[in-house]
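Chemist: Single-letter residue listing:
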Amino acid sequence: MSKFNKNSNGYIFGYAILLTLVCGTLLAFVSEGLKEKQKAAVLLEKQQFILKAGMGAEALEGMTGPEITELYNKVVKVDIVNSKGDKLDVNEAKLSILKEYKKTNSAERSLPVYIVGKKDNPSEVESYVLPTYGNGLWDNVWAYVAIDGDLETVEGVVFDHKGETPGLGARITDSEVQKRFEGKKIAYESNGIDAPDFQKGEVGSATYAGDPQKVDGLSGATITAVGVNDMLDTYLTLYKPYLTSKKN
Amino acid sequence: MSNEIKKSEPLLSKKRKQLVSNPMDTDNPITIQVLGICSALAVTIALEGTVIMALAVLFVLVLANVIISALRNTIPNRIRIIVQLVVVASLVAIVDQVLRAFAYEQSKALSVFVGLIITNCIVMGRLEAFALGNKVWDSFLDGVGNSIGYGWIIIAIAFFRELFGAGKLFGIEVLGDWYVNNGFFATPAAACIILGIIIWILRARSGYIED
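Note that the protein sequences, when read in sequence, are chains D and B. The opening residue of the first sequence carries number 3 in our numbering; numbering runs sequentially from there. The opening residue of the second sequence carries number 35 in our numbering; numbering runs sequentially from there.
FYI, nobody ran anything at the bench for these hints, they're computed from the structure. Misleading hints may appear alongside valid ones.
Here are some chain D residues pointing at chain B (derived, C-beta under 8 Å) [as the list claims (entries may be wrong)]:
1) Tyr17
2) Ala18
3) Cys25
4) Val32
5) Leu36
6) Gln40
7) Ala43
8) Glu47
9) Pro168
10) Gly169
Yeah, the Cβ is synthetic: ideal placement off N, Cα and C, and Gly gets one too.
Given only the sequences and the hints, what does the whole structure look like? Please build it.
Modeler: So this is what it looks like as structure tokens:
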């Protein structure tokens, strides 16, 4: 080492370039090597969310990743429609709900519908799971909303978010909060669909037990709750033609 | 310090044992040096994620210490901070990628805080203060000591936050239905208070006074 002048520009440049090359190559290999695993993890989470919404969290309890995928492949079928209810020929695996959400003209969005069949008889419909996307307080929120075979009752919801406040808005991922939607009803109106809404304030679910359109709210997370309300109304309205066609 | 340790020194001499044990107690990076606070407040909402965070810091700090120590005689002084940063950033990127592949749910919960290990003052502090001037094995021990010193504090905070905030430990219900979750413990403010109490206890015990 002593024959190099460690403070010469040449040495510093050489050192920096060499270090960058070594680290860059290493990271490239790690990233490439783990890519498939990462994709699989994201896919598994999606399948988990869809089944959890469509069948209830209890149905998945104690199941391992491969078992969930197996169940998903057995019971879930996909329809992809547009906001007029026409079926589209789009590859579901390549569809990103976020990318579709970013299309400002909602008529251009491809909307997947996950038809979840019954566990013991997959050809009989248990629920329709509809992915939705919207804005919370800090960043995007999204949900999988499962509508029962009667096309009115909410079978279950799974919420997720990118950056809501822990302990406040982030509570939408709590199963206790998501359970508040179970059994509520969506209303078909002339200008769209009215989904059950989080109310202002948190007073206990029992208060709204008799009202199929109202859900106990989130204390301290009003903006997140309003964002979720808007997301559900806007997105379910896009699905209205599809749901109506299933009804008849 | 490197000159004091002679070649014949046993692998786990008294001084070397102290390299590991001191940062856990009398020279703890969090309670004495008050470094790495941001992640201690942010990721301690539940035990599982906190343990993963502690392991991630252990991996990054130990390897960064070893690598920087091994390179210490070749690193040009004028760009030493950048060299440290590149090494740390690469290690953190690897941890982040591995978590995404094998513990996706937890990597989502930890979100940016895995990436922020890069700016964790403990890591940079140990590299700058220790690894640059000490042998590889000593730096390894120093890294182990400091990351465990960091780890046990954040795990202690997470224990109280998850217990009182959600009535759970490692996601398993322990307090039963009678317990009403205290939402305050789910916020970082609670971590700040618990951390304050831990610092108080440890400093009262060791008699440490800031000068």
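Chemist: Hint numbers the structure violates, sorted upward?
Modeler: none
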